[in-house]
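Line by line, the protein sequences give chains A and B. Just so you know, we're using our numbering here: the first sequence kicks off at 1 and counts up by one. Just so you know, we're using our numbering here: the second sequence kicks off at 1001 and counts up by one.
Hints listed in this document are in silico derivations from the structure and should not be mistaken for laboratory results. Think of the CB as a built atom: it goes at the ideal place given N, C-alpha and C, for glycine as much as any other residue. It cannot be assumed that every hint is accurate.
Facing chain A, a subset of chain B residues (Cβ under 7 Å, in silico) [what the hints assert, rightly or not]:
1) Ala1045
2) Thr1049
3) Ala1050
Each pair of labels, with its calculated beta carbon distance range [to be verified]:
4) Ile1046/B with Pro120/A: 28 to 38 Å
5) Gly244/A with Glu1077/B: 34 to 44 Å
6) Glu48/A with Gly1041/B: 46 to 56 Å
7) Leu1072/B with Ile294/A: 31 to 41 Å
8) Ala60/A with Ile1081/B: 35 to 45 Å
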Amino acid sequence: MAMKLWGPGPYIYVCTRMRVRKSKLLPREEYVRLLQMSLPEIARFIGETEYKREIDELSASFGGIDLIETALSWNLAKEYQAILTITPGTLRDFTEAYLRRWDIQNVLTVLRGKSQGMGPGKIKELLIPAGELDRATLDRLLNEDGPERVVEALKGRALYPIVAAEFSDAQQTGSYSRMANELYKQFYADLLIMARSGLKGGSLFLAFIVLDIDITNIRNLFRFRADEFAEDTRSMMIQGGTFGVEELQHLNTLVDRTEFIRALTAKITNKTLIRVLDSLREAASIREVEIDLIRVQLGEMEKMSKLHPISIHPILVYLEKKKYEIFNIRAIARGKESHLAPDRIRRYLVM
Amino acid sequence: MSADLNVTAAVATTVMSVAEIEASQLGMKAIGAALAVGSTGIAAAIAETAIGTAAVGAVAENRDVFGLVLLLTVIPETIVIFGLVIGLLILF
Chain A
1 MAMKLWGPGP
11 YIYVCTRMRV
21 RKSKLLPREE
31 YVRLLQMSLP
41 EIARFIGETE
51 YKREIDELSA
61 SFGGIDLIET
71 ALSWNLAKEY
81 QAILTITPGT
91 LRDFTEAYLR
101 RWDIQNVLTV
111 LRGKSQGMGP
121 GKIKELLIPA
131 GELDRATLDR
141 LLNEDGPERV
151 VEALKGRALY
161 PIVAAEFSDA
171 QQTGSYSRMA
181 NELYKQFYAD
191 LLIMARSGLK
201 GGSLFLAFIV
211 LDIDITNIRN
221 LFRFRADEFA
231 EDTRSMMIQG
241 GTFGVEELQH
251 LNTLVDRTEF
261 IRALTAKITN
271 KTLIRVLDSL
281 REAASIREVE
291 IDLIRVQLGE
301 MEKMSKLHPI
311 SIHPILVYLE
321 KKKYEIFNIR
331 AIARGKESHL
341 APDRIRRYLV
351 M
Chain B
1001 MSADLNVTAA
1011 VATTVMSVAE
1021 IEASQLGMKA
1031 IGAALAVGST
1041 GIAAAIAETA
1051 IGTAAVGAVA
1061 ENRDVFGLVL
1071 LLTVIPETIV
1081 IFGLVIGLLI
1091 LF
């Protein structure tokens, strides 16, 4: 039953909590310290921070990199679900809709794992039940016999029509990338419909979605360039951002990097993004480009959350920053596991 | 003749005695003082709603800030003190 909210109190409450949580995220200096630590030291270090409960719970069952990865995934899922319980009104609807991207990721992970014959336990380590599909539902999916049964078990869910339509193609080609593209396109289309439906605060949510779509499309363009992918990219682009699908296809055909950047910046109004794109005229690795774009996105989200302190933005900026904290710790742990030099790992971090 | 008497009677009823005027002035002062205290009280309540909920949110995440946010929450009470001073100045 929808709760009747009186005044701005609940919104102020949750936005403040998000802001305080954001301030507790690991600062840059801590990452520098983590880079100098060994794997057991990293586990001990994060066991003394916000991840204490997960590390304590899981230390009996896991060790080393598995302990760190599972603790991080559990913490992220717990954190996101906890946020949903305290978020009121339309902010909850927006947050729920945004978190459905984790459902896509989880369903694709289960399908890919099942197709490759991985055991349920191994797939479970990779899942982050932060969306609508909770831990119990994902466990049911994991216990299904094969990918076909997983698809059947999704019947009635929002993802089912696309998953069912794309499944046979994925089985034939052995690749779920087309299904992933379609699911993410549908995800963004649903977010745009929701933001434009006239709900209170929808226009601010829309600003975030457009930024997210723009950054995703630009990142994809750079990836295509890195892979020298010159085929039709229209079906891989997300609609609803600054650039139309035809424009993105045209941008992908531009071979000269300077010309590409000039065409890209001609339509963008965001000054920070223009500055970063200008700096990318020089050849940079795709990972560096991606990190630069993520930084721009986080910076813009931070700016929006300060301009609109009682809106969806403080929640979204925290969700995103928390996600990248988890990614960073995971990258450091994996890098240490693979005996990579700290400087090399550092290039993969969003700080 | 009867019309003149009626006018005189009407004028007589609108003229107030000194005691009545003093009572009226006292009443207006009381209303002014009540407005000064009441309206500032409402304003402080509105301000404290926002600060209070933010304070509870901050304390829920970090108990160490309790003292600081308590102080911040009561800052709008100063508006009521101004109102009270104005009210007292009106009355005395």
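Failing hints, ascending? Numbers 1, 4, 5, 8, in rising order.
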